[in-house]
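Visitor: Each chain, letter by letter, is given below.
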Amino acid sequence: MSMDALLYWVGMSAVAVNALTGVLDASRKQMDLIGALLVAVATALGGGTVRDLLLDRNVFWVADQAYLMAALATGMIAFFVVRRVNVPHQLFQIPDAIGLALFTIIGTQIALQWHVPWLAASLMGVITGVVGGVLRDILCNDVPSIFLKGELYATAAWVGALSLIAMQELGLPAVNAAWAAMGIVFLLRLLSLRLGITMPVLGAPR
Amino acid sequence: MSMDALLYWVGMSAVAVNALTGVLDASRKQMDLIGALLVAVATALGGGTVRDLLLDRNVFWVADQAYLMAALATGMIAFFVVRRVNVPHQLFQIPDAIGLALFTIIGTQIALQWHVPWLAASLMGVITGVVGGVLRDILCNDVPSIFLKGELYATAAWVGALSLIAMQELGLPAVNAAWAAMGIVFLLRLLSLRLGITMPVLGAPR
Amino acid sequence: MSMDALLYWVGMSAVAVNALTGVLDASRKQMDLIGALLVAVATALGGGTVRDLLLDRNVFWVADQAYLMAALATGMIAFFVVRRVNVPHQLFQIPDAIGLALFTIIGTQIALQWHVPWLAASLMGVITGVVGGVLRDILCNDVPSIFLKGELYATAAWVGALSLIAMQELGLPAVNAAWAAMGIVFLLRLLSLRLGITMPVLGAPR
Numbered sequence: 001m002s003m004d005a006l007l008y009w010v011g012m013s014a015v016a017v018n019a020l021t022g023v024l025d026a027s028r029k030q031m032d033l034i035g036a037l038l039v040a041v042a043t044a045l046g047g048g049t050v051r052d053l054l055l056d057r058n059v060f061w062v063a064d065q066a067y068l069m070a071a072l073a074t075g076m077i078a079f080f081v082v083r084r085v086n087v088p089h090q091l092f093q094i095p096d097a098i099g100l101a102l103f104t105i106i107g108t109q110i111a112l113q114w115h116v117p118w119l120a121a122s123l124m125g126v127i128t129g130v131v132g133g134v135l136r137d138i139l140c141n142d143v144p145s146i147f148l149k150g151e152l153y154a155t156a157a158w159v160g161a162l163s164l165i166a167m168q169e170l171g172l173p174a175v176n177a178a179w180a181a182m183g184i185v186f187l188l189r190l191l192s193l194r195l196g197i198t199m200p201v202l203g204a205p206r
Numbered sequence: 001m002s003m004d005a006l007l008y009w010v011g012m013s014a015v016a017v018n019a020l021t022g023v024l025d026a027s028r029k030q031m032d033l034i035g036a037l038l039v040a041v042a043t044a045l046g047g048g049t050v051r052d053l054l055l056d057r058n059v060f061w062v063a064d065q066a067y068l069m070a071a072l073a074t075g076m077i078a079f080f081v082v083r084r085v086n087v088p089h090q091l092f093q094i095p096d097a098i099g100l101a102l103f104t105i106i107g108t109q110i111a112l113q114w115h116v117p118w119l120a121a122s123l124m125g126v127i128t129g130v131v132g133g134v135l136r137d138i139l140c141n142d143v144p145s146i147f148l149k150g151e152l153y154a155t156a157a158w159v160g161a162l163s164l165i166a167m168q169e170l171g172l173p174a175v176n177a178a179w180a181a182m183g184i185v186f187l188l189r190l191l192s193l194r195l196g197i198t199m200p201v202l203g204a205p206r
Numbered sequence: 001m002s003m004d005a006l007l008y009w010v011g012m013s014a015v016a017v018n019a020l021t022g023v024l025d026a027s028r029k030q031m032d033l034i035g036a037l038l039v040a041v042a043t044a045l046g047g048g049t050v051r052d053l054l055l056d057r058n059v060f061w062v063a064d065q066a067y068l069m070a071a072l073a074t075g076m077i078a079f080f081v082v083r084r085v086n087v088p089h090q091l092f093q094i095p096d097a098i099g100l101a102l103f104t105i106i107g108t109q110i111a112l113q114w115h116v117p118w119l120a121a122s123l124m125g126v127i128t129g130v131v132g133g134v135l136r137d138i139l140c141n142d143v144p145s146i147f148l149k150g151e152l153y154a155t156a157a158w159v160g161a162l163s164l165i166a167m168q169e170l171g172l173p174a175v176n177a178a179w180a181a182m183g184i185v186f187l188l189r190l191l192s193l194r195l196g197i198t199m200p201v202l203g204a205p206r
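Protein chains in written order, with full-length UniProt numbering: chain R, 1 to 206; chain D, 1 to 206; chain E, 1 to 206.
Take the hints with a grain of salt, since some may be wrong.
Said to hold, decoys possible - Simulated restraints on C-beta separations:
no., chain 1, residue 1, chain 2, residue 2, range
1, D, D64, R, Y8, 54 to 64 Å
2, E, R28, D, R194, 28 to 38 Å
3, D, A166, R, G171, 20 to 30 Å
4, E, L170, D, D64, 17 to 27 Å
5, D, D142, E, G196, 51 to 61 Å
6, D, A166, E, A180, 52 to 62 Å
7, R, I197, E, D142, 44 to 54 Å
Stated by the list, open to error - If you only want the chain R side, here are some residues facing chain D, beta carbon under 7 Å, derived:
no., residue
8, D32
9, M76
10, I77
11, V81
In case anyone wonders, no lab produced these hints; they're calculated from the structure.
From the three backbone atoms N, C-alpha and C, an ideal C-beta is built for every residue, glycine too.
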């Protein structure tokens, strides 16, 4: 399998995993099928959509609706499974961390190819990685969880995006830099979950 | 009156009705005039705006500000009426259903003309039809009602959008297909309201 | 200092002040550093971003990332200050009013240069001025405060934007009209704060 094909299929899997987390959250709010599907689509495609709008690119799922199909199919299966089985949230932490790593690095890479300056490009990576989850929480009327927990989520994405840019600046081949940066996002995320590493939280120490 | 002129005026009416529902919801949150007007504008123009951004079209109310004027004028009149009279919510169910049908089919039709693939085009129709109401609920800090009730709202829109595409694929003249698809959205919506037909809801049967 | 340079630096200050108000609000929700930074960025850059998307312009902070740097640097300093010192909210009313005036008039001016019709152009000014604060409130899961208080906030922006357009239509030089319109926004906002001038509020008088 070529590198492009690999990235395509991993990207598709990340879309599916994000659609799943959307349905899981929707189930806590007693949404109906169509509501859950729309939350799933927003969670899975929201980050890349905002990135494409900001860069004035063709929106990726309008250009290739296979992403939309993946989000809808996963959302529909998840809806009927969640109605029957109580799926523990932890089961999705590892695929979710993979999705975060992949979305972030793809987003940063696209922005760099679009000649966006480095700091803005790193923010495009973060946006691609986390905006889906923020949309999910807004649609479910929660304070976005990534802003609250103090866990390394957006932080992991940002460190990874900046590492990718630094490694490319230092002359590393683009593919190696991409894999290394994805590893950084994934490991930071998992370390935070397993070891309870957190960021300083506002209001607490006062 | 030509077909284009008819569609233009029905579209304008749909904008006005949606502006009205925005003010009605804002009144439950004790918003001031300007807040109610901005909610009215977001409700009336939000769906078509998101569609135009996703398709990289000129935003419709920037190109023709008569839509903006209709939303603002309706919103202002509604504000002062709502302060005096207690308008029952049911009064707006039929114009709201007409608005949903029209916005959905116009949105799908525009996406097809923009050569968007079919499933993405149907979602553009749903977005045009329902995003205004979702924005209204987010601005009023509610869980979007279309996600909760289990009523056929986004569902009615989606079925209608897919029917339009199917009928055009089968070779029906575009105008006939558009009227039939609008009828499908409208009837499904009214049937759901009158007969209490609902979608399966998450969380309930557990 | 030339007029362009002056506007650039006042615009940069407005970005910084808005980032600050974002962190202040985030502190009430016990957000962590990255959450507060993202809210700061959304508050500071959100209005201009929505304007640029609606006008199909290059997004300003993607074209010149100095704005992004200003928002991030201010947000980071504010985060660590707010953890130690209890900053009274009133301290920011005057810079916030300056920011509102500047963002609104810059936004209206850009829309007019983009040949947007007058009413839509005035709404672009309001959007540039207030959407950042609305995003901040949505991310913090509050009803947007500008919709509730009845204070002259969006109203001040709108009156100023319409005045700018009227003065240009009457033949005033663009620079004079811009300063006068900024003065109108600023004074209306301060008068509302000091004298308690408010708009009619829905629901109250019933």
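Visitor: Next step is simple, just say for each hint if it's right about the structure.
Guide: Cross-check of the supplied hints:
| no. | hint | in the structure |
| --- | --- | --- |
| 1 | D/D64 to R/Y8: 54 to 64 Å | violated (40 Å) |
| 2 | E/R28 to D/R194: 28 to 38 Å | violated (45 Å) |
| 3 | D/A166 to R/G171: 20 to 30 Å | violated (54 Å) |
| 4 | E/L170 to D/D64: 17 to 27 Å | holds (26 Å) |
| 5 | D/D142 to E/G196: 51 to 61 Å | violated (29 Å) |
| 6 | D/A166 to E/A180: 52 to 62 Å | holds (58 Å) |
| 7 | R/I197 to E/D142: 44 to 54 Å | violated (30 Å) |
| 8 | D32 | holds (4 Å) |
| 9 | M76 | violated (11 Å) |
| 10 | I77 | violated (14 Å) |
| 11 | V81 | violated (11 Å) |
When held up to the earlier numbered hints, the structure conflicts with 1, 2, 3, 5, 7, 9, 10 and 11 and fits the remainder.
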